[in-house]
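Number of protein chains: 4
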Amino acid sequence: MIRIMMIGDVFGRSGRRALKDNVVELVREHKIDLVLANGENAAGGNGITRENAREIFDAGVDVITMGNHVWNKKEIINYLDKEERIIRPQNYPPGTPGMGFGLFKTKNNDVVGVVNMSGRIFMPELDCPFRCADQVIPLLREKTSIIIMDFHAEATSEKAAMAYYLDGRLSAICGTHTHVQTADERILEGGTAFITDIGMTGPRDSVIGVKKELVIRKFITQMPQKFEAATGLYQFNAVVIDIQQETGQAVAIKRIQNFE
Amino acid sequence: MIRIMMIGDVFGRSGRRALKDNVVELVREHKIDLVLANGENAAGGNGITRENAREIFDAGVDVITMGNHVWNKKEIINYLDKEERIIRPQNYPPGTPGMGFGLFKTKNNDVVGVVNMSGRIFMPELDCPFRCADQVIPLLREKTSIIIMDFHAEATSEKAAMAYYLDGRLSAICGTHTHVQTADERILEGGTAFITDIGMTGPRDSVIGVKKELVIRKFITQMPQKFEAATGLYQFNAVVIDIQQETGQAVAIKRIQNFE
Amino acid sequence: MIRIMMIGDVFGRSGRRALKDNVVELVREHKIDLVLANGENAAGGNGITRENAREIFDAGVDVITMGNHVWNKKEIINYLDKEERIIRPQNYPPGTPGMGFGLFKTKNNDVVGVVNMSGRIFMPELDCPFRCADQVIPLLREKTSIIIMDFHAEATSEKAAMAYYLDGRLSAICGTHTHVQTADERILEGGTAFITDIGMTGPRDSVIGVKKELVIRKFITQMPQKFEAATGLYQFNAVVIDIQQETGQAVAIKRIQNFE
Amino acid sequence: MIRIMMIGDVFGRSGRRALKDNVVELVREHKIDLVLANGENAAGGNGITRENAREIFDAGVDVITMGNHVWNKKEIINYLDKEERIIRPQNYPPGTPGMGFGLFKTKNNDVVGVVNMSGRIFMPELDCPFRCADQVIPLLREKTSIIIMDFHAEATSEKAAMAYYLDGRLSAICGTHTHVQTADERILEGGTAFITDIGMTGPRDSVIGVKKELVIRKFITQMPQKFEAATGLYQFNAVVIDIQQETGQAVAIKRIQNFE
Ligand SMILES: [Fe+2]
Ligand SMILES: [Fe+2]
Ligand SMILES: [Fe+2]
Ligand SMILES: [Fe+2]
Ligand SMILES: [Fe+2]
Ligand SMILES: [Fe+2]
Ligand SMILES: [Fe+2]
Ligand SMILES: [Fe+2]
Chain A
74 MIRIMMIGDV
84 FGRSGRRALK
94 DNVVELVREH
104 KIDLVLANGE
114 NAAGGNGITR
124 ENAREIFDAG
134 VDVITMGNHV
144 WNKKEIINYL
154 DKEERIIRPQ
164 NYPPGTPGMG
174 FGLFKTKNND
184 VVGVVNMSGR
194 IFMPELDCPF
204 RCADQVIPLL
214 REKTSIIIMD
224 FHAEATSEKA
234 AMAYYLDGRL
244 SAICGTHTHV
254 QTADERILEG
264 GTAFITDIGM
274 TGPRDSVIGV
284 KKELVIRKFI
294 TQMPQKFEAA
304 TGLYQFNAVV
314 IDIQQETGQA
324 VAIKRIQNFE
Chain B
74 MIRIMMIGDV
84 FGRSGRRALK
94 DNVVELVREH
104 KIDLVLANGE
114 NAAGGNGITR
124 ENAREIFDAG
134 VDVITMGNHV
144 WNKKEIINYL
154 DKEERIIRPQ
164 NYPPGTPGMG
174 FGLFKTKNND
184 VVGVVNMSGR
194 IFMPELDCPF
204 RCADQVIPLL
214 REKTSIIIMD
224 FHAEATSEKA
234 AMAYYLDGRL
244 SAICGTHTHV
254 QTADERILEG
264 GTAFITDIGM
274 TGPRDSVIGV
284 KKELVIRKFI
294 TQMPQKFEAA
304 TGLYQFNAVV
314 IDIQQETGQA
324 VAIKRIQNFE
Chain C
74 MIRIMMIGDV
84 FGRSGRRALK
94 DNVVELVREH
104 KIDLVLANGE
114 NAAGGNGITR
124 ENAREIFDAG
134 VDVITMGNHV
144 WNKKEIINYL
154 DKEERIIRPQ
164 NYPPGTPGMG
174 FGLFKTKNND
184 VVGVVNMSGR
194 IFMPELDCPF
204 RCADQVIPLL
214 REKTSIIIMD
224 FHAEATSEKA
234 AMAYYLDGRL
244 SAICGTHTHV
254 QTADERILEG
264 GTAFITDIGM
274 TGPRDSVIGV
284 KKELVIRKFI
294 TQMPQKFEAA
304 TGLYQFNAVV
314 IDIQQETGQA
324 VAIKRIQNFE
Chain D
74 MIRIMMIGDV
84 FGRSGRRALK
94 DNVVELVREH
104 KIDLVLANGE
114 NAAGGNGITR
124 ENAREIFDAG
134 VDVITMGNHV
144 WNKKEIINYL
154 DKEERIIRPQ
164 NYPPGTPGMG
174 FGLFKTKNND
184 VVGVVNMSGR
194 IFMPELDCPF
204 RCADQVIPLL
214 REKTSIIIMD
224 FHAEATSEKA
234 AMAYYLDGRL
244 SAICGTHTHV
254 QTADERILEG
264 GTAFITDIGM
274 TGPRDSVIGV
284 KKELVIRKFI
294 TQMPQKFEAA
304 TGLYQFNAVV
314 IDIQQETGQA
324 VAIKRIQNFE
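These protein sequence lines are chains A, B, C and D, in that order. Each residue of the first sequence is one higher than the one before, counting from 74 in the numbering used here. Each residue of the second sequence is one higher than the one before, counting from 74 in the numbering used here. Each residue of the third sequence is one higher than the one before, counting from 74 in the numbering used here. Each residue of the fourth sequence is one higher than the one before, counting from 74 in the numbering used here.
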């Protein structure tokens with residue numbers, strides 16, 4: 074059995090502090106073999122810097138996945154090609170900096186394939202994530218049966234459709250992007266673990282990470298607001314998935330919510 | 074103390090069966106005083122008929138709220154003006170058939186105000202739901218301090234912003250529309266209960282209610298598909314909220330998920 | 074020199090009548106070698122039937138291009154594979170019925186390549202039209218230097234970007250979809266003729282083809298309306314493009330507007 | 074008879090130069106009584122500064138209308154309340170800085186009402202422009218029968234629907250926002266002049282004003298690009314409308330395109 078923890082969008086300073094307070098402890102307590110975190114909001118809500126990434130890795134995260142905010146901090150563009158532990162959605166056009174998938178070793182030398190994918194409903198115009206998954210999963214399966222997808226998408230329909238489409242072909246599909254954890258974690262018939270959204274690891278008293286006054290003002294006035302990350306107490310949102318090594322099938326998925 | 078149950082989007086035959094199997098039992102067991110259900114998908118996923126509504130009321134629901142699918146079945150247009158127990162989003166233009174809010178009596182003669190509202194992000198172009206809430210809540214507060222909003226919206230940011238905006242002015246804001254229950258139920262500082270989405274009451278093995286093959290085919294081919302409600306075992310998604318009568322403040326919100 | 078006429082979205086009965094009244098006459102008068110028409114709205118505004126197509130070909134059109142309404146009439150799905158003179162946007166997923174480009178002979182046995190492409194801004198989630206053009210244009214150039222694209226798209230920015238991107242690689246890019254003719258026809262530096270939108274061939278006294286009362290009611294009420302094609306006097310919208318055979322470069326593009 | 078010129082979105086330095094080169098001359102030549110210009114892109118494509126506005130007024134423009142870019146330059150927020158000659162879309166929420174309509178005197182002391190309105194299709198979530206027009210037009214009609222609307226909108230359907238909806242209630246509805254002039258100018262039955270879009274006054278060799286390489290790169294890579302206004306030769310896009318003073322009915326609308 075292999076146990077993987079996947080952490081929902083790490084948002085700003087508060088989110089990074091949550092990692093420091095929780096990851097090492099949870100890894101020890103739950104004997105977790107590999108830790109993934111979505112880092113698209115690490116830098117004050119907007120993208121990720123090299124320094125943020127270092128901080129996240131230092132906190133015990135093994136792999137960082139991204140999403141629509143991947144390019145917000147310009148420095149990441151060059152950094153991505155050097156840092157294999159950060160992946161961005163695979164369905165960006167060919168030639169995009171960085172990679173959309175990777176193979177990562179656990180402490181026990183088990184190999185885990187991780188894919189990052191972006192939805193298209195209410196999202197940027199990327200390549201078809203379904204066909205993109207059809208291409209990338211077999212590449213990973215040549216090396217390992219344990220494959221995890223971070224499906225960064227808005228629409229619940231697109232996330233559920235992807236999960237059923239890929240059921241049996243990978244170990245887990247975990248949604249990110251909405252910053253709200255859903256209560257629908259389950260193992261599908263084919264052995265694929267699924268949750269619509271892992272949620273957000275960041276400031277709890279906020280509108281999906283942002284200072285609530287600013288977002289409210291935006292909705293009320295329809296005038297642009299410079300969004301700032303909220304500060305204050307954090308929430309830590311993650312899932313822990315147990316996977317049979319031989320088959321790559323998930324046997325359990327469990328939601329985690331820790332609060333400061 | 075008053076206890077209200079609010080049920081997530083009732084989807085098709087399977088969803089209506091879930092009501093029959095669960096509502097009366099839950100009401101008795103939990104001593105629930107009033108039952109609300111979102112009925113926008115009652116008729117095979119698309120709108121609601123008079124017959125569906127009768128079935129839902131017979132199952133023990135006291136008030137039906139709606140959403141973007143409200144007009145899918147034409148017959149409802151006339152019916153809405155006669156049936157005060159069905160409300161549609163209040164932020165439709167003035168002159169729209171039906172009402173967007175109402176006052177409803179519990180078995181103990183407590184009066185509960187219910188408002189239905191629609192979001193605007195990735196949704197139809199309706200009136201501003203924030204300003205609309207500013208208008209309607211005082212009207213209800215003249216009659217009762219117990220007020221519940223079904224905020225039918227897609228974006229998590231719009232739902233959270235509304236919740237914080239109205240915190241302290243009503244008893245509960247419960248999101249609907251995404252058909253996936255979220256795990257973020259809580260009582261805000263001002264005493265307003267909030268959950269981003271209650272989820273769906275309908276066929277479990279489906280893409281948010283629809284036969285999964287059809288939705289997958291839609292995404293893969295980008296060709297139109299006639300969507301049909303999935304059949305089979307149901308899930309029942311709801312929340313139960315406890316409210317102090319004098320203040321209208323919520324003291325507890327609890328998620329419910331029952332499975333066939 | 075070769076002269077091609079391209080006709081904007083043919084809308085309903087009124088649009089089909091416009092073809093009968095104008096095409097043969099214009100072809101004779103202007104010595105036109107090939108006639109293309111966008112037929113996505115031929116069937117009462119919604120898609121095209123086999124019978125509509127026959128009528129359009131009989132009126133003197135040589136090639137029919139389509140757009141987002143291509144699948145509205147189910148019968149076309151099988152018909153497309155048999156009728157090479159109808160093409161649908163090339164950037165539908167591989168495996169889609171029909172073809173997105175073709176080679177067509179003029180009366181003088183000149184070969185013209187025609188490509189149909191769809192935009193993605195405010196449009197369905199298809200494959201990247203820029204990369205798709207990169208793939209298909211070389212295939213056509215192996216056979217002919219005369220290549221015309223119907224770029225069916227909403228956003229003026231996407232249309233202009235495509236035109237500049239492909240300038241010098243094909244003879245003409247003509248936009249369709251907005252149903253309003255633009256006054257920006259020109260020859261770009263590399264010899265590619267461009268117009269943002271050819272406009273609509275259909276009922277003039279209408280909201281882009283539809284009965285105006287119905288569209289106004291839709292906007293005012295935000296309730297669904299069954300749209301019907303307007304009737305009455307037509308407008309005929311087209312462009313005529315002159316192309317040097319040897320180079321494939323356009324030397325002239327002229328707008329046509331005839332009114333009943 | 075009164076003659077009004079309305080100039081399409083003035084884009085960057087190149088657009089401002091176009092005003093200096095053309096407005097005074099056209100006013101003299103055509104005996105124009107009032108000049109309106111959409112200024113939402115005056116500041117390098119993004120909003121307008123006080124200095125830009127001064128430059129535009131100095132070039133001979135009497136009234137500046139705006140659009141979705143109105144707030145891009147922060148300084149305008151305070152300036153709007155002091156400068157009555159700049160109006161922003163009227164259907165922003167009540168309480169928004171500035172005004173959405175105004176009364177302006179021509180050299181001959183004729184009074185012209187000008188309204189700025191924003192569409193909602195593929196645009197920000199503002200108040201219903203149709204109902205907003207119903208409110209504001211009677212206010213203006215109390216003072217004058219000559220009323221012009223700049224309807225800043227993306228969708229051709231919304232623009233045409235508005236034109237037919239208001240036909241006979243004002244003198245002219247001219248669309249802006251797409252930056253491409255349409256060739257559909259006409260007088261509707263009720264005497265209202267209409268054009269779907271006046272076009273853009275700015276750099277010709279560009280993608281709707283922006284350096285074409287940047288926009289192409291955006292579409293190809295789906296990575297954010299810092300957009301810059303193109304430089305180089307300009308195009309000047311406008312319409313001239315003749316209106317009967319007594320009735321407020323338009324008798325002629327003529328498109329203008331000047332090139333550097
Ligand atoms: Fe995020
Ligand atoms: Fe995201
Ligand atoms: Fe629903
Ligand atoms: Fe809904
Ligand atoms: Fe069309
Ligand atoms: Fe179209
Ligand atoms: Fe503009
Ligand atoms: Fe604009």
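Calculated from the structure, these hints are not laboratory results. Computed from a predicted structure; not experimentally measured. From the three backbone atoms N, C-alpha and C, an ideal C-beta is built for every residue, glycine too. Hints are supplied without guarantee of correctness; some may be wrong.
[To be verified] Straight-line distance between alpha carbons at most 25 angstroms, and here's what the computed PhoX-like set of lysine-lysine pairs gives: (1) C:Lys327 x D:Lys299; (2) A:Lys147 x D:Lys327; (3) B:Lys93 x B:Lys216; (4) B:Lys285 x C:Lys146; (5) B:Lys147 x C:Lys291; (6) D:Lys104 x D:Lys93; (7) A:Lys147 x D:Lys104; (8) B:Lys284 x B:Lys299; (9) D:Lys147 x A:Lys291; (10) A:Lys216 x A:Lys178; (11) A:Lys299 x D:Lys299; (12) A:Lys93 x A:Lys291; (13) B:Lys284 x C:Lys146; (14) B:Lys104 x B:Lys216; (15) B:Lys299 x C:Lys291; (16) C:Lys327 x B:Lys291; (17) B:Lys147 x C:Lys146; (18) D:Lys299 x A:Lys291; (19) A:Lys291 x D:Lys146; (20) D:Lys284 x A:Lys285.
[Unchecked claim] What follows is a set of in silico ranges between Cβ atoms, one per label pair, in the way DEER data are often shown: (21) B:Pro211 x D:Pro211: 27 to 33 angstroms; (22) B:Pro211 x A:Met74: 53 to 59 angstroms; (23) D:Glu157 x C:Ile293: 49 to 55 angstroms; (24) A:Leu212 x C:Arg158: 36 to 42 angstroms; (25) B:Pro170 x A:Gly263: 44 to 50 angstroms; (26) C:Asp207 x B:Gly168: 50 to 56 angstroms; (27) C:Pro167 x A:Val97: 31 to 37 angstroms; (28) B:Gly168 x C:Lys216: 24 to 30 angstroms.
- Query: Taking 25 angstroms as the top limit, are the C-alpha atoms of D:Lys299 and A:Lys291 close enough?
  - Reply: holds (23 angstroms)
- Task: Would you mind confirming whether the straight-line C-alpha gap from A:Lys216 to A:Lys178 stays at or under 25 angstroms?
- Result: Roughly 11 angstroms separates the two Cα atoms, so the pair holds.
- Item | Pairwise beta carbon distance, B:Pro170 to A:Gly263, judged against the given window 44 to 50 angstroms | holds (46 angstroms)
- Sort out whether C:Lys291 lies within 25 angstroms of B:Lys147, counting only the CA atoms. OK: B:Lys147 and C:Lys291 at ~15 angstroms, within 25 angstroms.
- Are the Cα positions of B:Lys284 and C:Lys146 separated by 25 angstroms at most? holds (22 angstroms)
- Within a Cα-Cα threshold of 25 angstroms, do A:Lys299 and D:Lys299 meet the stated pairing? holds (17 angstroms)
- Item | Pair hint outcome, A:Lys147 versus D:Lys104 [Cα-Cα no greater than 25 angstroms] | Given that 25 angstroms is the threshold and the Cα spacing comes to 52 angstroms, the pair is violated.
- Item | Beta-carbon spacing of C:Pro167 to A:Val97 - inside the hinted bounds 31 to 37 angstroms or not | Violated, since C:Pro167 and A:Val97 (Cβ atoms, about 47 angstroms apart) do not stay within the stated range.
- Is it true that the CA of A:Lys291 sits at most 25 angstroms from the CA of D:Lys146? holds (16 angstroms)
- Could you grab the alpha-carbon distance between B:Lys299 and C:Lys291 and see if it respects the 25 angstroms cut-off? With a Cα-Cα distance of about 23 angstroms, the restraint between B:Lys299 and C:Lys291 holds, given a limit of 25 angstroms.
- Message: Verify the CB-CB distance for A:Leu212 and C:Arg158 against the hinted window 36 to 42 angstroms.
- Response: holds (40 angstroms)
- Item | 25 angstroms limit on alpha-carbon distance, applied to hinted pair A:Lys147 and D:Lys327 | Violated, because 47 angstroms separates the two Cα atoms, which is more than 25 angstroms.
Consistency with the previously given hints fails for numbers 1, 2, 3, 7, 12, 16, 20, 23, 27, 28, ordered from lowest to highest.
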